[in-house]
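Given chain A, work out where chain B should sit, using these hints.
For the protein sequence lines, the chains are A and B, in the order given. So that you can map any letter, position 97 of the first sequence is 812 in the working numbering, and since no number is skipped, the others follow by simple counting. So that you can map any letter, position 6 of the second sequence is 9 in the working numbering, and since no number is skipped, the others follow by simple counting.
These are computed hints drawn from the structure, not numbers from a lab. Quick caveat: nothing in here was measured; it's all calculated off a predicted structure. Be aware that a few hints might be false.
What the hints assert, rightly or not - No more than 30 Å apart at the CA atoms, straight line, and that leaves these computed lysine-lysine pairs for DSSO-like:
id	chain 1	residue 1	chain 2	residue 2
1	B	Lys6	B	Lys72
2	A	Lys772	A	Lys728
3	B	Lys55	A	Lys772
4	A	Lys772	B	Lys6
5	B	Lys72	A	Lys772
6	B	Lys6	B	Lys55
7	B	Lys109	B	Lys6
Said to hold, decoys possible - Restraint-style ranges between C-beta atoms, simulated for each label pair:
id	chain 1	residue 1	chain 2	residue 2	range
8	B	Thr8	A	Gln769	23 to 33 Å
9	B	Asp14	A	Arg770	32 to 42 Å
10	B	Pro10	A	Pro754	14 to 24 Å
11	A	Gln756	B	Ser12	16 to 26 Å
12	A	Asn792	B	Thr59	33 to 43 Å
13	B	Gly18	A	Ile727	34 to 44 Å
14	B	Arg107	A	Gly799	33 to 43 Å
15	A	Arg782	B	Ala112	38 to 48 Å
16	B	His80	A	Thr795	32 to 42 Å
17	A	Gln733	B	Glu17	23 to 33 Å
18	B	Gly18	A	Gln732	41 to 51 Å
19	A	Ile727	B	Gln45	13 to 23 Å
20	A	Pro776	B	Met62	29 to 39 Å
21	B	Leu54	A	Arg770	20 to 30 Å
For glycine and all other residues, C-beta sits at the position ideal for the given N, C-alpha and C.
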Amino acid sequence: KAGVTQTPRYLIKTRGQQVTLSCSPISGHRSVSWYQQTPGQGLQFLFEYFSETQRNKGNFPGRFSGRQFSNSRSEMNVSTLELGDSALYLCASSFLGGVTDTQYFGPGTRLTVL
Amino acid sequence: DAKTTQPPSMDCAEGRAANLPCNHSTISGNEYVYWYRQIHSQGPQYIIHGLKNNETNEMASLIITEDRKSSTLILPHATLRDTAVYYCIVRVDIYKYIFGTGTRLKVLA
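The following block holds chain A by itself, in its conformation from the complex:
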């Protein structure tokens, strides 16, 4: 079974631009979560989607948004990029997102904001 895939793997943008990252979950998984990883803050939860609905959101500004499609694929968007948005963005999928559901992570998208 194929794992979680994320595209693109690397991205360079400039301040003020916007960016869209894509995540394809493991086949059959319906829950998709997004995390941001920076050297200073570590791994932080952004949001989680299930059946095209956002069920949980972390403490990030409204510039960070996401969506999920009917095939469970998900995208996240960051508008008006800031230097501090440079990070590794990780997507994780699980079957239902429940307490015993293991999340499986993709390889991440490395975003650099200049």
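For chain B alone, coordinates are given in the frame of chain A:
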């Protein structure tokens, strides 16, 4: 805030068992303990999880104390490829993980 405390770094000789401790003294009765590792800023890799009983799989063993306030991840025969940051996570929310700072394990040849 993370509900786990881990030592920032550990060394282990290749071929020996690596024992990584985790303190989760405020864990609730229905919260699971999960272990992941992250190699060279790749995506975290799932290792094992448990509730109250000890667990073993092809990668590792998880020993949870009887009072559930701490646990130990055991890699029975560490190799150089096990060098990574290991995260112990207590599942506090059904939709998300709260990661701590992890333990940087270095396996020495």
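(request) Give me the numbers of the hints this structure contradicts, sorted from smallest to largest. (result) As far as the earlier hints go, 14, 16 and 17 are violated by this structure, in ascending order.
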